[in-house]
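Participant: Whole structure, please, built from the sequences with the hints as guidance.
In our numbering, the protein residues as written are 1 to 208.
A couple of the hints might just be wrong.
To be verified - Between beta-carbon pairs, the in silico distance windows are: (1) N72 - T129: 17 to 27 Å; (2) T33 - G157: 38 to 48 Å; (3) P142 - Q178: 27 to 37 Å.
Because the hints were derived from the structure by calculation, they are not lab data.
From the three backbone atoms N, C-alpha and C, an ideal C-beta is built for every residue, glycine too.
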Amino acid sequence: AMGLSIIALIMINGTLSVVPVGTLFVDNFTRSTDPGPLSPWVVQAGTWSVTGGMLASGTNTPGSYGYAYLTNIWTDYSAQALIRLSSGTFGGGLTTRLNPTTGARYAAWIYPEGSMGGPNVLKLLKFQTWTVFTLMQQVSLPVVGTNGHTLKLIARGNRLVAYYDGALVASYTDPDAQPFLTGGIGLELWSAATADTLSADDVLRGPP
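Facilitator: Here it is as structure tokens:
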């Protein structure tokens with residue numbers, strides 16, 4: 001029926017999970033040990049671990065980025081994750097079309113209360129390298145706090161669409177003559193202080 005999501009039940013690391021039909025990758029970070037192996041995630045910078053059923057950034061150097069990513073190469077797709085930021089974190093979020101060689105990617109970042117980058121905003125960013133970026137769009141968010149929020153970023157051609165807790169909050173068309181068209185998924189944050197952390201659960205790559 002119209003307005004209803006088509007779902008499927010699949011086994012993920014021994015756990016039955018409900019996911020949208022067309023989902024080609026899911027990680028709920030259930031591992032046989034705790035802490036568990038990071039694979040298939042690759043750490044580019046910072047400290048990351050799989051513990052407590054989540055992928056979590058550790059204590060990173062103040063004034064530094066933390067990146068963990070998948071090396072898959074996809075074209076048009078949606079990336080989704082349950083993101084939780086610690087109190088006082090500067091900001092962080094989810095990336096799509098990530099090129100692990102150059103760091104080029106599109107990103108949707110959440111900036112919580114008290115952030116010098118916000119507060120209470122979502123930004124669509126275009127990174128040309130791991131650290132050099134331009135702001136594409138910025139929108140206000142309700143209270144972020146330290147609760148988990150479902151962040152979804154759809155890449156379809158040169159169009160980027162972001163959802164926050166199921167609500168469409170941002171949409172942008174990259175006017176560049178050579179937009180990023182393929183890549184993987186990443187999770188990242190900027191550590192302004194050693195207490196800044198980001199954790200993620202239920203990461204999936206779904207249809208666009």
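Participant: Hint by hint, which ones does the structure fall short of?
Facilitator: Failing hints: none at all.
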